[in-house]
Structures are given as structure tokens and as C-alpha cells.
Amino acid sequence: MNGKSILTVDHLSMRFGGIVAVSDLSFDAERGKITALIGPNGAGKTTVFNCITGFYKPTLGAMRVTHLDGRAIQLERLNDFRISKLAKVARTFQNIRLFPGMTALENLMVAQHNALMLASGLTFLGLIGAPSWRTAEKRAIDLARLWLDRIGLIDRADDAAGNLPYGDQRRLEIARAMCTEPALLCLDEPAAGLNARESAALSELLLSIRTDHGTSILLIEHDMSVVMEISDHVVVMDYGVKIAEGTPQDIRDDPKVIAAYLGADEEEAIAVMESGT
Amino acid sequence: MTAPAAEPKLASRAPDVAFIFKKALISALVALVLFSLMIGIRTEAGPAGQLIYWTRFGDLAAVVAAVFGGSIVVELLRQWWGPVGTIRIVPPSVQSTLAVARRAIAPVLLIFTFLVPVIFYDQRYILDLGILVLTYVMLGWGLNVVVGLAGLLDLGYVAFYAVGAYSYALLATNFGLSFWVCLPLAGILAAFWGVLLGFPVLRLRGDYLAIVTLAFGEIIRLVIINWQSLTGGPNGVSSIPRPSFFGIPLTPGDDGLAAKLGIEFSPTHRIVFLFYIILALALLTNWVTIRLRRLPIGRAWEALREDEVACRALGINTTTTKLTAFATGAMFGGFAGAFFATRQGFISPESFTFQESALVLAIVVLGGMGSQLGVALAALTMIGGFELFRGLDQYRMLVFGLAMVLLMIWRPRGLIGHRAPTVFLQHSQAISSDLVKEGHG
Numbered sequence: 001m002n003g004k005s006i007l008t009v010d011h012l013s014m015r016f017g018g019i020v021a022v023s024d025l026s027f028d029a030e031r032g033k034i035t036a037l038i039g040p041n042g043a044g045k046t047t048v049f050n051c052i053t054g055f056y057k058p059t060l061g062a063m064r065v066t067h068l069d070g071r072a073i074q075l076e077r078l079n080d081f082r083i084s085k086l087a088k089v090a091r092t093f094q095n096i097r098l099f100p101g102m103t104a105l106e107n108l109m110v111a112q113h114n115a116l117m118l119a120s121g122l123t124f125l126g127l128i129g130a131p132s133w134r135t136a137e138k139r140a141i142d143l144a145r146l147w148l149d150r151i152g153l154i155d156r157a158d159d160a161a162g163n164l165p166y167g168d169q170r171r172l173e174i175a176r177a178m179c180t181e182p183a184l185l186c187l188d189e190p191a192a193g194l195n196a197r198e199s200a201a202l203s204e205l206l207l208s209i210r211t212d213h214g215t216s217i218l219l220i221e222h223d224m225s226v227v228m229e230i231s232d233h234v235v236v237m238d239y240g241v242k243i244a245e246g247t248p249q250d251i252r253d254d255p256k257v258i259a260a261y262l263g264a265d266e267e268e269a270i271a272v273m274e275s276g277t
Numbered sequence: 001m002t003a004p005a006a007e008p009k010l011a012s013r014a015p016d017v018a019f020i021f022k023k024a025l026i027s028a029l030v031a032l033v034l035f036s037l038m039i040g041i042r043t044e045a046g047p048a049g050q051l052i053y054w055t056r057f058g059d060l061a062a063v064v065a066a067v068f069g070g071s072i073v074v075e076l077l078r079q080w081w082g083p084v085g086t087i088r089i090v091p092p093s094v095q096s097t098l099a100v101a102r103r104a105i106a107p108v109l110l111i112f113t114f115l116v117p118v119i120f121y122d123q124r125y126i127l128d129l130g131i132l133v134l135t136y137v138m139l140g141w142g143l144n145v146v147v148g149l150a151g152l153l154d155l156g157y158v159a160f161y162a163v164g165a166y167s168y169a170l171l172a173t174n175f176g177l178s179f180w181v182c183l184p185l186a187g188i189l190a191a192f193w194g195v196l197l198g199f200p201v202l203r204l205r206g207d208y209l210a211i212v213t214l215a216f217g218e219i220i221r222l223v224i225i226n227w228q229s230l231t232g233g234p235n236g237v238s239s240i241p242r243p244s245f246f247g248i249p250l251t252p253g254d255d256g257l258a259a260k261l262g263i264e265f266s267p268t269h270r271i272v273f274l275f276y277i278i279l280a281l282a283l284l285t286n287w288v289t290i291r292l293r294r295l296p297i298g299r300a301w302e303a304l305r306e307d308e309v310a311c312r313a314l315g316i317n318t319t320t321t322k323l324t325a326f327a328t329g330a331m332f333g334g335f336a337g338a339f340f341a342t343r344q345g346f347i348s349p350e351s352f353t354f355q356e357s358a359l360v361l362a363i364v365v366l367g368g369m370g371s372q373l374g375v376a377l378a379a380l381t382m383i384g385g386f387e388l389f390r391g392l393d394q395y396r397m398l399v400f401g402l403a404m405v406l407l408m409i410w411r412p413r414g415l416i417g418h419r420a421p422t423v424f425l426q427h428s429q430a431i432s433s434d435l436v437k438e439g440h441g
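Sequences listed follow chains F and W, in order.
Heads up, the first sequence is in our numbering, so the first residue is 1 and it goes up one at a time.
Heads up, the second sequence is in our numbering, so the first residue is 1 and it goes up one at a time.
FYI, nobody ran anything at the bench for these hints, they're computed from the structure.
Heads up, some of the hints might be wrong.
[Unchecked claim] With a straight-line Cα cutoff of 30 Å, these simulated DSS-like cross-link-like pairs (lysine-lysine) come out:
#	chain 1	residue 1	chain 2	residue 2
1	F	K138	F	K88
2	F	K57	W	K260
3	F	K33	F	K57
4	F	K88	F	K33
5	W	K437	F	K88
6	F	K33	F	K85
7	F	K57	F	K88
8	F	K4	F	K88
9	W	K23	F	K138
10	F	K4	F	K33
11	W	K437	F	K85
12	F	K138	F	K57
[Unchecked claim] Which stretches of chain W does chain F cover? Using the computed rule of at least three CB atoms under 8 Å from a CB of chain F, they are:
#	segment
13	93–100
14	160–167
15	238–246
16	279–293
These figures come from a predicted structure and were not determined experimentally.
C-beta: ideal position from N, C-alpha, C; glycine also.
Let's have the full structure, built from the sequences with the hints guiding it.
Listed below in C-alpha cells is the structure:
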């Protein structure tokens, strides 16, 4: 809509046969801000994510990413891998999808594939070991090293990703997504399965990604403490439709949101209310 | 007075005996069912073409009894020996020695291979066998790119071998092009067919991919058989020219290499020459593959094997990544095919059956998917081992099959069961194969 929003979702609908997973959803994600997408289980949050990142083709509606230079990219027209490559949208997965048999460092190198592919002259310059390739590779390793340092895994850089503890794998997946140098980072339940200390570290990491890198973040999260602490803007979904939108404080006091959570799961509604008091 | 002391021992023994007998009985029963028809009844065609049969219950009883007894012995041995752990069988001191040996095995093998024509100069059989093994090493390394790195199960690899062989054979016999000109052409043509195969199978995974690639291999063979005007059909292509040494033929004449060097001509020269050609080709394949693994394309192949969805989320074009894997593997297959044609001097569709594909795939799987050294060792075991058992005549396949089964029990993930990382910060540590995915499409 305006220059401030990086992602505009416009009347998005997604049907699977007779099931309407997402119905006429519109929202904006602001540049340089953290936007959270919350809602009870089965509300259609991950479907929205899959539409944005190109894993599903939406039945109706449009999604637009606007870059700083004013370039606007219609996401629904792009194939999955081009969304990461051209629209600079990176994502993580609800169930971690690292490359378990590759080291942490290798995972971060794979993420820089497109940049390295160009630097290696589509493999040919790399095959003969051209100096330009060597410097590009060194730069890529430095970027990976930087991220490993940020997530505190520099000492485990040469360990297989599948051998890392669960919390480390979550952070590594975020670092891997950041290595694609995205403008918009989409995180699907990054705090799932983390303990309180790890959640706090995650919040810190996400805030620093937003502040230090200027990367906008869109996240799905069930952990309300994380959502309320770091989000600038919250969109609430239930049964495929948006039921509320606003600052964390607005959402906390919104009776519709509390009702939706109460209807779905008592504990979660209590968690919402408690985090408000 | 000794009875009370012995009693608890007996009590602990008693359930073991029942267990052993139960296990032996089950084994004997399975053996009875299995062998009742195989051994118990012998059938033959009578003089008038009718079926005659007679029973051999004595032999059957002997086999079943052997299984029963054997099962008891094995179980007793197992209980006496206790749980089998790596530490128990291989003490740490031996293990450290083995680790040193493991590091040394690749260079030692390479040096030995270089010296084979020198050591076995007079033994034509060994030299021929060496060429055969090296051909399969090269094919294995080629297929390793597709199956081991990219995780795409390709059962029709022989198609590219055939394309390479026929490319050289037809180009050389029809246009008189030399081996060294045809070699890259054969590789390019095979890579082209690799891409052609790649396109329709891009969306297929696992079993479906395997079936379509299997069909592709058969299609190529059937086209070669039936396109008589071009390929000569089942008669094949004969009098394929031999490779020359930079334009100098290895013939007994005055312009031959032997005459130019002023040494006496011997047919062994050509064999040795061929040996070094295939060695050079195989080492080229190895070098390129090792290089590619450390480049973004190679890492993308391995990432594709690990998780295709994650690859797409990272902006990797999985289509071109798969196609380059197919093309690269096919190109090496094409090189090997061209070499095969020039070595044999005659090729026919019979050389390119599914059995070849299966053999090469077995080499890759046995070697430990993705491991270059493993593939080389597996090719040596499979091809060399098969020759080793030649003296056993009709039992050769049986012994060979048994050896394979034992190897797969002992080393389910192949001879070299770990993956070496392509890049490291502090130190390179091998990744256990339990973590490495096999790929599923």
C-alpha cells in the first residue's frame, strides 16, 4: 500500500478441494519491523506461509514484496525457488529442515548457493580454481563464520547439523535463512520446543536481526511470551480469516482474540490473558 | 554337597536350552519348507518328454538336520562368546593401527595401480582384469555423482555407457575420426542424453524414478538393436579403430610406435597403453568429482539428497541441479563407453544389458554412497572377487552372493560408511552415515 510495507497480502484465499484453509486474508508487514501471525491450531497460519514462500499457489489473491529501491514483486507469479532468489524472502520450517548429514558450516554455505554459483562462473571458473572464485569462497566462509558466531555455534561449525541439540538446530536454521541475505525472513514457530532460556536467547537474536540487519521478520508463533515481547504488529487468524490486528497491547485486550483462544484451547487463552497482566 | 552350588547355575541354564531348541526347531522348519521342493523332489524330462520325478528324502533329512545342528552350535557359540561389540573383536590398539592403514590405503592403492603394468607385464590376464576393474571404477565414480551425491536412483546408467560406445564406434568407422577427437564428443553426446532423460523424470521420486530410468536404459538398447541401418542391429559394430599415441599407431609396421622408439614390437604395448588410458580417465573422473563436491554445484547436489524442500526454500533451482547431476554422471559414462568400444574393437547391444546397470549400481551402494575410495574398493571387490572365485565353478555365484550378504550385514551403509565434509573451519571430521540421507528422488 505505502512505502513502509515490505509485504502486502491482498485478499488471499487458499482452498484444498472443499476445505477453505485461508479466506480473503489481507494484511501488511512493515519494513524493518517484526510482524507476528498468531492463531489457534489449524487457523491456516502455515498455509499463509506456504503461499508467501511459493510452496502453494494461492487460489485467489495477490502477495507483493516491495524492496527499498521501489521494485515490487508479485509473489504468486514466481516459482518456489525464485521467491528466495529474486524476492529475497527466506523461510524456516515448523519441523526443522536442516541438511542433517552436512556440517553446520556446510549448511550455511549451501544457503549462499546463488551468489557462489555466479562467483564460480557457473562451476567452470571454480573447476580451474580461478582466483576470483577463491576470494568469493573465502568471503562466503567469513559470512558463515559471522553467523555461526552470532548464534553461538562457532565451536561446533564442523559438527554434523543432525548431531546438534534441538535448540541449536533451530538457531542454525535461522542463520541458514539469513545467509541467503533476505529482505524478509519468515519464521514458522521458531520457539517451538525451546525452554525458557532458549526462548529468551531466540528473542534476542530476532531483535538483533531486525535492528542490526534491517531484515523484516514475519513469524508464526505459539509462545505468547516471545510474540508479546518482540512483535511490533500482530495479526490474529482463526478458521482461515483475520479476526484482529494491531499492536501486542491491542491484541492482548481484544475480546475476540481471547474468545478464539478460549474456544480452541483453554490453556492458550489463559496464557494470552496472563501475559497481558 | 556340590548340588546346592550347581543348582542355581542349572536354573539359569535351563531357559537357555529351551530357547536354543526353539530357535533350532524354527530354523529346521523353515529349512524343511524351503528345501522340500528344491532338494526333496527331483524332476526331469523323460525320454518321451513326459515329466518324471523321484524323491530324495534322505538328502532332505540330512540338510534339515544340518540346519538344526548348525543353529544349536551358532546359538551356543553366541552365548559362550557373549554380546559382540567392536571393542571386543577389535581392541583399541588394533583400531588405531587400522585408522593409520585407512589413511594410507588410497595412496598405496594408487601407487600400486600405477605399477601394475610394470609388475605384471608378462601376465596378460592380470592386465586385462586390471583394465576391466578400472572401467568399472570409472563407471562407479560416474554413477556416484548421480546416486551417491545427488541421491537420484538411476537404474539405467548403462544407456549412457552405450551412447558413449556407439558414438565413438560410429564416428570412427563412418567418418574416420580418431579416438582422441571422439572421446569428448562421446562425453558430450552422453551428457546430452543425460539431460534428455533428466527432463521427464524431474518430478519423479524414489521407486518411480528408478523404474523410468530402468525403462530408459532398455529403450536405448532396443533402439540400438532395431535401428539396423545405423547401428548394425544385433550384429553390432566391428573393426573399431584402436587408439593411437598422439597420432602414432601401436602397430608392428614401420610407422608404429615400437619402430619409432627402436624397441621390439609386442602386443602387450597396446594393453599397457589401454591400461594407462583408462587409469587416466578414471583419475580425471575422480579429480573432477572431488573438485565439484567443493563447488556450490556439488554442495547443492548433496543438499538435494538431504532435503529437496529446504533446497527450494534457499533459492536453489532444483531442476537445473538435478539435470547437471544427470549430465555429469552421463558424461563420465560416455567416456567409459568410448574407451570400452576402442578396447574391444567390437560392440553389440549385448554388452549393454540391465545387468551392467545393476552391477555398477551395486558397486556404488557397496562402496558406501558418495565415497570415492569406497567405490574404487567395491569395484575391486566385485569385479576382482568375481574372478577370484572362478575356480569354484558352479558355486561361484553362490559364494559371491553369500559374501555380499555378509558384507551388507557387517557394513549396511557400504564399505566406507562415513561422509567427509567439503569445507571446515578448525578440523575436518567424518560424518557418520547414520546422519547422511540416501536421497529419495
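Hints the structure fails to honour: 2, 9, 12, 13, 14 and 15
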